Amino acid sequence: MIAQDAGLSRRLLRAPRLRGPGLLLAGGLGLAVIVVCTLAGPALAGFDPGHVATADRLLPPGAGGHRLGTDQLGRDVLARTLAGFRWSLAVALGASLIGAGLGTAVGLAAGWYEGWPRAVLSRAIETAIAFPYLVLTLAVIAVAGHGFWALVVVLGLVSWVTFARVVLAESLVVRRREYVLAARLLGLGDARVLLGPVLRALRPTLLVVAAFAFADLLVAEASLSFLGVGAPLGTPSWGSMLAESRAYVFTAPWLLYAPAAAVVLAVLTANLLGDGLAQRWGGAGRAE
Amino acid sequence: MSPLAEVRGLVVRFRLGPGRHLTALDGVDLALPRGAALALVGESGSGKSTLGLTLLRALRPAAGRVLFDGMDVTDWDERRLRPLRPRMQLVFQDPYASLDPHLAVGRALTEPLRVHRGLGRADAAARAAELLETVGLPAGTAARRPHQLSGGQRQRVGIARALALEPDLLVADEPVSALDVATRAQIVALLDEVRQARRLTLLLIAHDLALASQVSDRVAVLHLGQVVEEGPAADVVRRPQHPYTAALVSATPDPDPRIERGRSRIVLRGEPPSPLAPPPGCRFHPRCPIARDVCARAAPPLREARPGQRAACHFAGELAPG
Chain G
1 MIAQDAGLSR
11 RLLRAPRLRG
21 PGLLLAGGLG
31 LAVIVVCTLA
41 GPALAGFDPG
51 HVATADRLLP
61 PGAGGHRLGT
71 DQLGRDVLAR
81 TLAGFRWSLA
91 VALGASLIGA
101 GLGTAVGLAA
111 GWYEGWPRAV
121 LSRAIETAIA
131 FPYLVLTLAV
141 IAVAGHGFWA
151 LVVVLGLVSW
161 VTFARVVLAE
171 SLVVRRREYV
181 LAARLLGLGD
191 ARVLLGPVLR
201 ALRPTLLVVA
211 AFAFADLLVA
221 EASLSFLGVG
231 APLGTPSWGS
241 MLAESRAYVF
251 TAPWLLYAPA
261 AAVVLAVLTA
271 NLLGDGLAQR
281 WGGAGRAE
Chain X
289 MSPLAEVRGL
299 VVRFRLGPGR
309 HLTALDGVDL
319 ALPRGAALAL
329 VGESGSGKST
339 LGLTLLRALR
349 PAAGRVLFDG
359 MDVTDWDERR
369 LRPLRPRMQL
379 VFQDPYASLD
389 PHLAVGRALT
399 EPLRVHRGLG
409 RADAAARAAE
419 LLETVGLPAG
429 TAARRPHQLS
439 GGQRQRVGIA
449 RALALEPDLL
459 VADEPVSALD
469 VATRAQIVAL
479 LDEVRQARRL
489 TLLLIAHDLA
499 LASQVSDRVA
509 VLHLGQVVEE
519 GPAADVVRRP
529 QHPYTAALVS
539 ATPDPDPRIE
549 RGRSRIVLRG
559 EPPSPLAPPP
569 GCRFHPRCPI
579 ARDVCARAAP
589 PLREARPGQR
599 AACHFAGELA
609 PG
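As given, the protein sequences belong to chains G and X, one line each in that order.
Per the working numbering, the first sequence starts with residue 1, numbered consecutively.
Per the working numbering, the second sequence starts with residue 289, numbered consecutively.
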């Protein structure tokens, strides 16, 4: 379900007219903004994102030095949105790394070892594709509790299958290349061949898949936090900020704008980079 | 002393689909004496490359035996073959596809040295520089990627890589057919030079009989997955016993245009038969200029036609190239 939601948002958010270098340029600009926001963080806003001041609750943008206003507890919206960069990107990055590692390992093994290993792993990948992940995620978090690592691990286990599927498909082609045979005939072991020539050939594809997976995971984290099962209470996460803003949509709409814009910026940037890299490497982008 | 490498009754099949097989090699016996250079010639699809790859046990035969240094390696798995791999190396036909485009030349040479010889970074780099010198490339080539090199330079790298582990057996699978004509002679000369300097046993796979015979002691001619003639290089070229060999010899033009114009050539009719459905009897008979009734019925065995020279023909020696 998460994957489908992300696919929909990707289609809605994709800029249709940009091509090649334009995509990478736009993505690079977005990335630059994200890097600045992440590094500078709440310091840029001049307020502590966790500082509660009930006297200053629901101030409109501009009032009392709060450039984007304050929320229902008087916390600075800009500071919380900026703090959200660190949280969201860290969760998405951690989950992408776990997913990429696990998925690449499974995909490489399934591509290399013919016979029963490939049959078993391929079935496992197909089963995982068909699995209702939102249900699993909700169940795991309900049992294991909230928290950064729980979220990272669960989302990592959601994203591995995308990597595994693409790596399997690609490695079935790459394993037939002559320079892979050359490595085998030099008497290099399976691990050296797989992590050497095979993985080197997969690098562009992996980067593209990782960019799309990263976008999916950003949305997934925001969705879970919105539902109240992602970020722990009080964490400045875009998803929880959006959830909290619902009660004030008509009275204090500024609570909605900043976190929503941040989600759009991050997801759009990841998709632009993914598309740009995919076009640049000609057909490597079979991430969908 | 036993030959370094040998195949006996070799049959190699490729599965094309459910119940459909292509028999690439059908009962091949061939031995590579230590230090010898054997040229394996034949047209495309005759099974030359398959034979080379099976000899290196990159392929597993459907029947027959593969022997290396007296060991029957037919059923060895990859793990068991791995320690043996350094002793048998391959020079690929395509110097573009056989080098990892993402890897600098130096690392392609040092990695096997570090794995098999346990050399440190500096020792391996020094050894790689020696290898590059051996194949006539400047030491600076180590820092280059394959796409920065010409076809001839790449093939030199391919040879250096094959020599890195100091093999006993070198299989060169059409090492010059992807190169331009001027470069071919240089690469063949280089192979001949390193073979003699290092006392290598060489299997040179080629479709150019004239070129192959120049640098080899013996020649084996492959036709549709079967050896049709085998013997000393000079004899096979000068006195071919099988009509197919005679046609191959005849196809080589004479550099002198006056001789070439006056020369009568054996021109084979039609395309080679499909290896999926080889003709009955002698597989060459549909194209053979001297075929008779018996040729369509009985497959001729490979037998001695002249001293030291074997041919698989009912009428060996009857057709001489013009």
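Among these hints, one or two may not hold up.
Said to hold, decoys possible - To list a few chain X residues with every Cβ distance to chain G over 12 Å, as calculated: (1) S290; (2) L341; (3) A346; (4) E366; (5) P371; (6) R375; (7) D388; (8) P389; (9) H390; (10) E399; (11) A498; (12) R546.
To be verified - Derived Cβ-Cβ restraints for the label pairs, each shown as a range: (13) D411/X x A142/G: 35 to 43 Å; (14) E126/G x P321/X: 52 to 60 Å; (15) L138/G x G439/X: 57 to 65 Å; (16) G228/G x R367/X: 28 to 36 Å; (17) L25/G x S332/X: 44 to 52 Å; (18) E126/G x A351/X: 32 to 40 Å.
Calculated from the structure, these hints are not laboratory results.
The structure presented is a predicted model; accordingly, all values stated were derived computationally and were not measured.
The beta-carbon is built from N, C-alpha and C at its ideal position, and this holds for glycine as well.
Comparing the hints with the structure gives:
| no. | hint | in the structure |
| --- | --- | --- |
| 1 | S290 | holds (23 Å) |
| 2 | L341 | violated (9 Å) |
| 3 | A346 | violated (6 Å) |
| 4 | E366 | violated (7 Å) |
| 5 | P371 | violated (7 Å) |
| 6 | R375 | violated (9 Å) |
| 7 | D388 | violated (4 Å) |
| 8 | P389 | violated (8 Å) |
| 9 | H390 | violated (4 Å) |
| 10 | E399 | violated (7 Å) |
| 11 | A498 | holds (27 Å) |
| 12 | R546 | holds (43 Å) |
| 13 | D411/X x A142/G: 35 to 43 Å | violated (58 Å) |
| 14 | E126/G x P321/X: 52 to 60 Å | holds (53 Å) |
| 15 | L138/G x G439/X: 57 to 65 Å | holds (59 Å) |
| 16 | G228/G x R367/X: 28 to 36 Å | violated (52 Å) |
| 17 | L25/G x S332/X: 44 to 52 Å | holds (48 Å) |
| 18 | E126/G x A351/X: 32 to 40 Å | holds (37 Å) |
In this structure, the hints that do not hold are numbers 2, 3, 4, 5, 6, 7, 8, 9, 10, 13 and 16, in rising order.
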